[in-house]
Amino acid sequence: MNPPFASHDLVHARPNLALEPLIHRYYAWLNLVSPVPAAMNFAKLHVPLLRSFLDAPALHRRSARDPKLRGGMFVDLEDDHLDGVSDLVGRLADGPMPDLSAAMDELTVNLEKLADGFDLTPRYGEIPPALRGYVELVYDLNDHARIRLAERMLYRSRHFDETAHSVDLSLATGDERPFAMTTPRFPGNGHVQATMPLRDPRIDLLFSTMTTARPFGELREAFDVSDADLATFSGLFSAEPSGSPDRNLDGPGLRVRYFGHACVVVQSGPVTVMTDPFLSDALGDGDRYAYADLPDVIDYVLITHGHQDHLELATLLKLRHRIGTVVVPKTAAGALQDPSLRLCLEALGFPNVVDVEPGETIELPDGQIVVCPFVGEHCDLDIAAKVTYSVRTGGKNLYFGADNRCVDPALFGHIHDMIGDVDMAFLGMECDGAPLSWMYGPLFSRRVDQKMSRSRKLNGSDAVEAMGIVRRLRARQAYVYAMGREPWLVFVMATNYTDESYQLKQMAEFFQRCADVGVPARELYGRADLA
8 MNPPFASHDL VHARPNLALE PLIHRYYAWL NLVSPVPAAM NFAKLHVPLL
58 RSFLDAPALH RRSARDPKLR GGMFVDLEDD HLDGVSDLVG RLADGPMPDL
108 SAAMDELTVN LEKLADGFDL TPRYGEIPPA LRGYVELVYD LNDHARIRLA
158 ERMLYRSRHF DETAHSVDLS LATGDERPFA MTTPRFPGNG HVQATMPLRD
208 PRIDLLFSTM TTARPFGELR EAFDVSDADL ATFSGLFSAE PSGSPDRNLD
258 GPGLRVRYFG HACVVVQSGP VTVMTDPFLS DALGDGDRYA YADLPDVIDY
308 VLITHGHQDH LELATLLKLR HRIGTVVVPK TAAGALQDPS LRLCLEALGF
358 PNVVDVEPGE TIELPDGQIV VCPFVGEHCD LDIAAKVTYS VRTGGKNLYF
408 GADNRCVDPA LFGHIHDMIG DVDMAFLGME CDGAPLSWMY GPLFSRRVDQ
458 KMSRSRKLNG SDAVEAMGIV RRLRARQAYV YAMGREPWLV FVMATNYTDE
508 SYQLKQMAEF FQRCADVGVP ARELYGRADL A
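Note that my numbering has the sequence shown beginning at 8, numbered continuously upward.
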């Protein structure tokens, strides 16, 4: 290993500097940030899973590394972390989250039993202590009682614990990582961990050095790097900048680049728009665009929904200093299953976050962004925080459909009335997704019936539905994206396609349907230049 830099040396972050944002050592995502969903995930998923690991670590490791069981509920850690896992279980079990989770379950069950359409005032005296002052009890128009959470107040309470936040820094030399949904991150060789709130501006300082050099001593002091970690920390930096020479678009014109999964960067004149950022930390071998290929300023980041492959907090935190405005879908305030993306990002230090709903527009110098509806891929749960976008710029109309479905074709007739004919339609076709309980199970106060769970999957469009979208939007070109096939997504999505996978057969059928009507269509994978 090269000797550490001197304090006065000007350094740049290496282009493959990886950040893992952690909460109680787990990879951060929306439902580990918002206080009540976080409490229920830790109390009902992570603590029991860690206890199971302590009882049978070898079985967990073997299962976690079996490709046929990818994405299963197994912890992938070596035995030298057993003491750390035991300590983590103790801290989680002794903290406030089990009480908050149990309070939510208790209140939900009591309301189901006792709320009969009459006055709810007597029920307030039965609210468990952990939730008092943070909920309102209400009826819908069919006399079904529900709990409305005061989510913003909960972020200001002891239930949002920034002392549990930390970052893990390393150089990504490949795409393999333990599954983020189940395996906590402990310090290891080649990694530097630092405890800090995820809103901390030191993260911006660090990643701004990809393009702007800073003295190494300033960075070491900011991250309070010990002598033991000095060589590893120094290895995260280089004397050379990492930005690609063509990352910025100079002058007029339109450039559309695909960065993998649902991430597309649209550059037109002075404006850059980026959708659902999820970038590879590893550099690959010419098969991907990475951070070095991004423009220095990203005016708008458009988030379609809060699933961890679309609201990818590690990528967003690395780009926070470059982003002008993050646009997110508006939630149905106070619903447990529908936490606010805006509150989440504001709590994580993003200064300009706007939440939008279908029908709203954002004006661009040479066009506009139109917010469109999103139906599906959320297991039929009452979740409002999901939208799609039309981006009209550079003389083109691009529709970013994420995992939208065409369950009601009339909807896309209305969308066409809003946005007009589409030049490029980006559509997700993960049409055999995970069951309801895989993502949302910990939020239920009762055990989810497995037959019901399997009937309500995280599904995008199949061939017929995708073709319905293309027809009704009068799309001139169609691109299938957001399939989770890139190798750098596996640690979050746990995808495991084969040639016989239903999704790939549906994609092939969709391409044939498009060919039959003269619409060019193909799958996007890895990287692509589209305009």
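Hints were generated in silico from the structure; no laboratory data involved.
This one's a predicted model, so the numbers in the text were calculated from it and none came from an experiment.
Note that beta-carbon positions come from the ideal geometry of N, C-alpha and C, so glycine has one too.
Just to be clear, a hint being listed does not mean it is correct.
Said to hold, decoys possible - Under the rule of at most 30 angstroms between Cα atoms (straight-line distance), these lysine-lysine pairs were calculated in the BS3-like manner:
| hint | residue 1 | residue 2 |
| --- | --- | --- |
| 1 | K51 | K75 |
| 2 | K120 | K464 |
| 3 | K51 | K403 |
| 4 | K337 | K403 |
| 5 | K458 | K120 |
| 6 | K464 | K512 |
| 7 | K51 | K120 |
| 8 | K403 | K75 |
| 9 | K337 | K464 |
| 10 | K337 | K51 |
| 11 | K75 | K464 |
| 12 | K458 | K51 |
What the hints assert, rightly or not - Cβ-Cβ distance ranges computed for the label pairs, FRET-style:
| hint | residue 1 | residue 2 | range |
| --- | --- | --- | --- |
| 13 | S233 | P136 | 19 to 27 angstroms |
| 14 | G366 | T505 | 37 to 45 angstroms |
| 15 | D294 | N255 | 16 to 24 angstroms |
| 16 | L212 | S233 | 12 to 20 angstroms |
| 17 | M425 | R58 | 45 to 53 angstroms |
| 18 | A515 | D231 | 48 to 56 angstroms |
| 19 | L388 | D292 | 16 to 24 angstroms |
Now for the hints, and whether the structure bears them out:
Between K51 and K75, the direct Cα distance comes to roughly 25 angstroms. Compliance with the 30 angstroms bound is thereby established for this hinted pair. Distance check on the hinted pair: K120 and K464 sit about 28 angstroms apart at the alpha-carbon level, within 30 angstroms; holds. Distance hint between K51 and K403 is unfulfilled; the C-alpha atoms sit about 47 angstroms from each other, more than 30 angstroms. Annotation: proposed proximity of K337 to K403 holds, straight-line Cα distance about 26 angstroms (limit 30 angstroms).
Taken as a hint, the K458 and K120 pair is honoured in the structure, with Cα atoms around 24 angstroms apart against an allowance of 30 angstroms. A hinted pair counts as satisfied when its Cα atoms are at most 30 angstroms apart, and K464 with K512 qualifies at roughly 18 angstroms. At most 30 angstroms may separate the alpha-carbon atoms for a hinted pair to count; K51 and K120 meet this at roughly 22 angstroms. Under the criterion of a C-alpha separation no larger than 30 angstroms, the hint pairing K403 with K75 is inconsistent with the structure, at around 43 angstroms.
A threshold of 30 angstroms between alpha carbons decides the hint, and for K337 with K464 the separation of about 23 angstroms falls inside it, so the pair holds. With a CA separation close to 27 angstroms, the supplied pair K337 and K51 stays within the 30 angstroms bound. Using a Cα cut-off of 30 angstroms, the hinted pair K75 and K464 holds, with the two alpha carbons roughly 19 angstroms apart. At roughly 21 angstroms between alpha-carbon atoms, K458 and K51 fall within 30 angstroms of each other, so this suggested pair holds.
Hint check: S233 to P136, Cβ distance near 41 angstroms, so the stated range 19 to 27 angstroms is violated. Separation of G366 from T505 is about 41 angstroms and conforms to the stated range, judged on CB atoms against 37 to 45 angstroms. Separation of D294 from N255 is about 23 angstroms and conforms to the stated range, judged on CB atoms against 16 to 24 angstroms. The hint said 12 to 20 angstroms for the Cβ distance between L212 and S233, and at roughly 19 angstroms that hint holds.
The hinted range of 45 to 53 angstroms is satisfied by M425 and R58, whose Cβ atoms lie roughly 51 angstroms apart. For the pair A515 and D231, the beta carbons lie near 54 angstroms from each other, so the given range of 48 to 56 angstroms is met. Distance hint check: the CB atoms of L388 and D292 are about 41 angstroms apart, inconsistent with the given range 16 to 24 angstroms.
Consistency with the previously given hints fails for numbers 3, 8, 13 and 19, ordered from lowest to highest.
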